[in-house]
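Novice: Letter by letter, the chains look like this.
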Amino acid sequence: MDTLKLKKAWELALAPAKQLPMNAIGMYMTGNSLQIFSIMMVFMLFKGPIQAVLNIQGTFARLETEGNKSNMLMVKAAFVGCNCLALALGIWKVNGMGLLPTTRSDWLAWETAREPLERAYFVPS
Amino acid sequence: MRFPLFAAVCILLRTTVAVFADEAWNVDYHYALLGEPQEETTFFHQPNPTSKASLIYTLSKRGVVGAVNPRDGSVVWRQLLSPNLTSSTDRGFLRAGEGQDTIVSGYGSQVAAWSAADGRLAWTVDTHGPLKDVEILELSDGKIESGAKDVVALSGGGSPAVQRLDGASGAVKWQHKFQEGDEVYQLSASTTEVFAILLHKTVLGYIKIRVVSLDPVNGRKTDEYTLSSEKELASAETIISVGANSASPIVAWTDAAHSVLKINIIGTKTVSSYNIEKQDGQPVEKIRIHAPYHANSLSHFLVNYQTATSHWADIYHIDHTRSITQLAYSLPNIAGQGSFSTSTSDANVYFTRITQDELITVSSASHGVLGRWTIDNLGLVSAPHEAIVPTHTVSELSVKGDSVSAIRTAVLLSTGDWVLLRDSKPVWARPEALADIRSATFATPSVLEDFQHKLDVETHRNFVGAYLHRVKRHLEELKHLPSYMSSMPQRFISGFLGTTDEGAMASDSFGFHKVIVCATGNGRLMALDAGSASRVLWSRRAVDLDSSESWQPGLSSRADVIVLERGSGKSRQTFNATNGDPLPGIPDTHDLQSGLGVQYTLRDGVLEATRTDKANAGSVWHFTPMADERILHLVPRPVNDPVASIGKVLGDRRVLYKYLDSNLALLATANDASTSAQFYVLDTITGSILHSSAHSGVDLQAPISSILSENWFAYSYTAEASDASTKGHHLVVGEMFESLVPNDRGGLNAATNFSTVQSGTDPFTLVQTYQIPEAISKMAVTQTRQGITSRQLLAVLADVEAIVGIPYNALDPRRPVNRAPTKDEQMEGLVQYEPVIEFDPKWFLNHQREVLGIENVMTNPALIESTSIVFAYGLDIFGTRLSPSFSFDILGKDFNKFQMLATVAALAVATFVVAPLVMRKQVNTRWQFT
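Residue numbers (this note's numbering), protein chains in the order written: chain F, 618 to 742; chain E, 84 to 1013.
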């Protein structure tokens, strides 16, 4: 019974990874433009993994027994890892959309012009 | 986040730079001015001999011939005679023959005939010498031609001559040359003869009047004689009047002390002499003769005497049989200044006298008053207690029986306003003094200044403090609520119907209603409202100038204080910008920061810079152009030139850093020997040249203009034709960067401050040249409050009488040459370089208007970031508001408030109506069984 439950748990844990290629294709297809559709998809992409990680105990509660507790840890770690992969996909997407402040221009507003120490004035004769 | 938005804005920008149809006649204003009319060259005349309707024609002090509709004061047509307005001292002549449909002007050495109705040029003739007089021949020799009357012109200079020009074609019919020696003075034509008045200088330095009479048919000399005895005339200035094209022209002169008036009827040798009595013990300052111009009117004339405090007049009749003049009657002495005008009706002559508060018409035959009107209010803006004095007048009247039934008087006042009075009521006023603005400045009215200050406080506090300040400000503003509520219906209606109630200065939260203060050539300060310039806010005399005196004022403003500087470093006066009241106290010249300050001046063709701190004063550097070179002009970077972003974001989100130095100046020099022009970008602290370029084969007669702003400069010149290229106008744009490597801040790297004395770094400059279809006579650049909005280069095109606003995007030197732009460059909004820039018709700020003789364009930021206020002056006044990046922070006129309100209302109604229906249906579905 425990092995069966463990097998089921592994299935659950790897499910997000199986969705990854589909998600990746979906993200690629929506393009890098800022539109309501692509923004919503990106939002879902972030929301899914984070929610899944937060509910991790609930997800595996009914499969967890006293016997497979040690094995379950591995399963949970795999589950978190898979969700992290999905998050990484989301971050890659956000970067592609130009929403990550990774370049010089993103910080340009915080750079200031150099102050000249001297001032010259033109006096019309 | 930032970049795609930026790219999106960029793409938007490129399509939206234009004048919008719904803004065209709303945000801009234009005064089509003529300049102050001159007494001798202003008259009523019927452009169509068969109709009674007449126009007022004038040749103004600014060299503009024009016709003004006396009904509403609009300009029917106008022609600029001298393209170079400032250097002209010429008075010019304007004549209209009786019953003619052309008017003839003489200016410089050009005689030109214009169609009186529409101002088309009929012909023009160059007399090869400065014109001394132009007259129209009113011959009565039996064979009067029905066509155009001939013109006689007297020209001076090296070979003085009288020419008779054909009235229809301008062809020279005959020419009579004078021997050199005598100075030609004036011309007078009677119906049978042409008289030339020459001034003969005697050995003792006095002047004798010599009259040469010519046969009008063939130009041969018929007679010659000399008037006036020795030692009477010291200079030509005391000759009061020659001529009038009347039946018997006269010449009148006086002595330097204005004690004796001498009159001679030209053609006779007798000189009548009249003693001028002094009234009130004041010496006579000015004598003027007013006589009718028509050949068939009565030969009566009026002599007007003016003292400092009063004026009076004598009327003389000419007795033809005895060829003498007789004093007919006198008009009483009235205190204050006054002016007279002559009008004719058939053969009768009428004189109209205008004083500060009265208009009186008398017939030339007797002293009975035919009409008298009291002038109470001219409706003009002037300083309190300032006497508005009539300078000169022309009038047109109609007489019924023994009284004047209607009179129209166009009077030029001492304020520089030209006013038309119908009887005694002002019909229109033209602020002609504004045609001669010497200096102008923007000022912020105190209301706006306070508001601006409050906004500044909010931007500089921390978040909580700013919020509390705002709440406090809004609470304070609640006290305006009652007045706001009472004006609400009016605002609502005007906003609804789209009528242009732009709001008064008090409720101007956008900062459109700035005050433009102008110093005019007649010594006055006049203030206009930049938001609605249809009225003059205030006007006051700043200095007392003689008629011949000119001044070079300098105006500057600090918030709501105007500083008027007369000449260089001379007396300084301060005024309140809101109401023009003079203020006590003189502000500091410069609020210099600590550290080294340098001030530089262009003097005697050398640019020289000196230290400002007293401790170690002395010359820092000077820039002397090379031999044969002369400095054309110098354009410093504007003192107030905010830049929002210190770098340019590239398509791949890297940054090119701008070379920003507040101490830059662009200097243009010309070399007349090699016809070349040089342009230098100078660092004005050290005097070092950061960038220079030289262009050979430049037409130095054509205008050369330049501008420097932010980190870029632009200049334009006209290149002569050469083997390689044809003659054409060029516009060069250069942009300076700290480094051409993206993400690199150049030699100074991350230093927060710098001194070019200690560690100078040179900019990397990208330059691109464009061919433009028109020569640019003056450049300016739009200014906004924080410099976020993209910029427009404003260029005055003198030849097409227009101002264009060229978006900087079109001029960007980084436009890729000889290849299509890459994807990254497309993201930036760069398009492929094309050598020719055609001025898009949408760029013309003046759209349908003709802006004549613009000499300078000024820009000033409004309170909202999107908008820059533009004011152009010269001959015409033109102003507008520009939003180079579209009005992103204000609702445009195209926003349909009605539609929005209607949608909200419809939704509200729908909600309230539908809600009970749905409720009932839901209840019913629960209770009904089927």
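Rather than coming from a laboratory, the hints here were simulated on the basis of the structure. Be aware that a few hints might be false.
Each pair of labels, with its calculated beta carbon distance range [claimed, not checked]:
id, chain 1, residue 1, chain 2, residue 2, range
1, F, Glu728, E, Gly548, 24 to 30 Å
2, E, Asp533, F, Glu732, 56 to 62 Å
3, F, Ser650, E, Arg902, 22 to 28 Å
4, E, Ser157, F, Ile656, 29 to 35 Å
5, E, Asp735, F, Ile656, 18 to 24 Å
Note that the Cβ used here is the ideal one computed from N, Cα and C, for glycine as well.
Novice: For a quick check of understanding: which of the numbered hints are violated here, in increasing order?
Specialist: 2 and 4
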